[in-house]
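*Asks:* Which chain is which? The protein sequence lines are A and B, in order. Using our numbering, the first residue of the first sequence is number 348, and each one after it goes up by one. Using our numbering, the first residue of the second sequence is number 3, and each one after it goes up by one.
Take these hints with a grain of salt, some might be off.
[Unchecked claim] Short derived list, chain B residues pointing at chain A, Cβ under 7 Å:
| # | residue |
| --- | --- |
| 1 | Phe-69 |
| 2 | Lys-72 |
| 3 | Pro-73 |
| 4 | Glu-74 |
| 5 | Gly-75 |
| 6 | Gly-169 |
| 7 | Glu-181 |
| 8 | Val-250 |
| 9 | Phe-348 |
| 10 | His-353 |
| 11 | His-354 |
Since the hints were derived computationally from the structure, they do not count as laboratory data. Glycine is no exception: its CB is placed at the ideal position from the N, C-alpha and C atoms.
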Amino acid sequence: MLKVEQQQPVDFSSALIAKCDEIVKRYPEGKHKSALLPILHEVQAELGWLSNNAMDKVADYLNILPIEVYEVASFYSMYFLKPQGKYMLEVCRTGPCCLVGAEKLMNHIEHSLGVKEGEVTEDGLFSWRGVECLAACGYAPVLQIGPEYTFYENLNEQKVDELIEDLRKR
Amino acid sequence: MARKLLLEHINVPGINTLDVYRQKGGYRAVEKALKTLTPDEIVEEVKKSGLRGRGGAGFPTGMKWSFLAKPEGVARYLVCNADESEPGTFKDRYLMTYIPHALIEGMIVSSFALGANTSYIYVRGEMMPQIRILEKAIAEAKSAGFLGQNILGTGYNLELYVQPGGGAYICGEETALLESLEGKRGNPRIKPPFPAIAGLYGCPTVVNNVESIAAVVPIVNDGGDEYAKIGIGRSTGTKLISASGNLVKPGVYEIELGLPVEEFIYSDEYCGGMANGKRLKATVAGGSSVPILPANLTLKLANGEPRLMSYESLSEGGFATGTMLGSGGFIAFDEDQCIVRNTWNFSRFYHHESCGQCSPCREGTGWMEKVLHRLEYGHGKMSDIDLLVDVSKKIEGNTICPLGDAAAWPVASAIRHFRDEFEWHVKEPVKSLDTNYGLANYAEPIAKAEVTTGN
């Protein structure tokens, strides 16, 4: 059975629809399905995650089957199929970052936020997870925060604590 | 100082803007190409340059271009592969962040050479800041008349778009990238047909790495012969190397191919040596997919000669004693690093990134991850080591795309060169949890070149 949050109806703002209209123009006639990935990013940026209703709406918009949206959204690691904290700290956990302390950093974040990987803090502000290589190995350890995917580089425990404090104040 | 073709002006303030980029000679290649050269002449120059694909495979770019089918009345596409995801590689991010017009200019010239009127730059989705940078650069180029209809009055039309990916390593494989660009899961296609015949939307398509496309600019400006004078043998030109790991100065460096590996690691012009006064234990020279080498084989060939940063020298000795230049993702490990743990880490990466289409890769990467996990956490058996070699051999060569090979090689090479460290993890399950095997004899001069477990 779907959880309550997955049954809630969604609305796309007119700004979001305008963005989608712009994206679809990038492709040749009849190849508008190419717009799927960029549109899913825009939807997630507005709604925070991709609910079934949101994905169905995208399918309607692009005139494709809902399954064509689900199979893409579940394949790519950037799309969230359940609600996340307002700030999702994604820490790179691949080889080069681990050589300079990424694992220690993840332990520290778990401790600081008091939630396990993938969980949301009670105030709804934060979640965190380890992700695979973010192509910033020379500035490791790194983490990113969507939807603009701002990068924080050359991190240590103190810098992460400061970042979390900053985000809390926003 | 070595010659710089791509990063010469990287430190000029404002080089990310069209104005400053043009003051430094930018967009000369577009003027030259569109006004004075034919598309075939440009392809010829790229062939003469000896440029090889900078994304990892090292296939000659000019030859790839010459395979492009040109049926009448069918659109052709150029797609730039900016899905940089190979662990250890971050040069394309660097180039797009600091000198985006180098890529835009390369895209215009290359699209003209291939007869493409619509081109896409497929950027990995996490690089949203770089996507914004490129979109801004494209808008600037368009308002200056370098993109759009009737470019520079030559009658050539080109629209250039940036496409975000969704966070999947597999989309760096060119046919998976095309699937993704068509709005589908990134499952690699069975080849043939190759993209040159049937690529994006079934049309003839060329897919090139960011750095390859940027390199077309100096090739057009100075000529293919001039480009080919730089470098060594069939490794022509300059290469961006992403240096990471336990180095004093990790970062992106442009080198002339043929630079000794020892100079790259230890000279102040490049990485400045190992951080914290530690000693070098091992390197992965070309991104996580290429074989890992112990320090002694990194710096010298099996015959004792110095190893160079070139396609040929890095692969000298085959997989028995060599590795590959790959994408130029150079990862240095110091004496405190555990090879078993790192191999497990890479295995988890490939398991996570396998698209699941071919069973040897889908299942095999998972098995390798699990077996390596138990070795790392003190539950391994001696037979696990050969089991890993066996699994890796059964993945290698048995998959649609090279991800299977890329997953198999790091495991096979780690066991080939560091078997004693794996055995130590089995013999000392408790000790290995909080102690590392250390440098052992991996940096000792190469006494014997014999290696028994070559592929």
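*Asks:* Next step is simple, just say for each hint if it's right about the structure.
*Replies:* Hints, one by one, checked against the model:
Given the 7 Å rule on beta carbons, the hint for Phe-69(B) is violated: about 23 Å separates it from the nearest Cβ of chain A. At a threshold of 7 Å, the smallest CB-CB gap from Lys-72(B) to chain A is about 18 Å, leaving the interface hint violated. Because the closest C-beta pair between Pro-73(B) and chain A is about 16 Å apart, greater than 7 Å, the hint is violated. With a least beta-carbon distance of about 17 Å to chain A, the hint placing Glu-74(B) at the interface is violated under the 7 Å criterion.
Look at Gly-75(B): its Cβ only gets to about 14 Å from chain A, farther than 7 Å, so that hint breaks. Among the interface hints, the one on Gly-169(B) holds; its C-beta lies about 4 Å from the nearest C-beta in chain A, closer than the 7 Å criterion. Contact between Glu-181(B) and chain A, as hinted, is not supported at the beta carbon level, the nearest pair being about 10 Å apart and thus beyond 7 Å. Look at Val-250(B): its Cβ only gets to about 12 Å from chain A, farther than 7 Å, so that hint breaks.
At about 6 Å, the closest approach between the beta carbon of Phe-348(B) and any beta carbon in chain A falls short of 7 Å, and the interface hint on this residue holds. This hint is violated: His-353(B) has a C-beta 10 Å from the nearest C-beta of chain A, more than the 7 Å allowed. Among the interface hints, the one on His-354(B) holds; its C-beta lies about 6 Å from the nearest C-beta in chain A, closer than the 7 Å criterion.
Going through the hint list in order, the structure does not satisfy hints 1, 2, 3, 4, 5, 7, 8 and 10.
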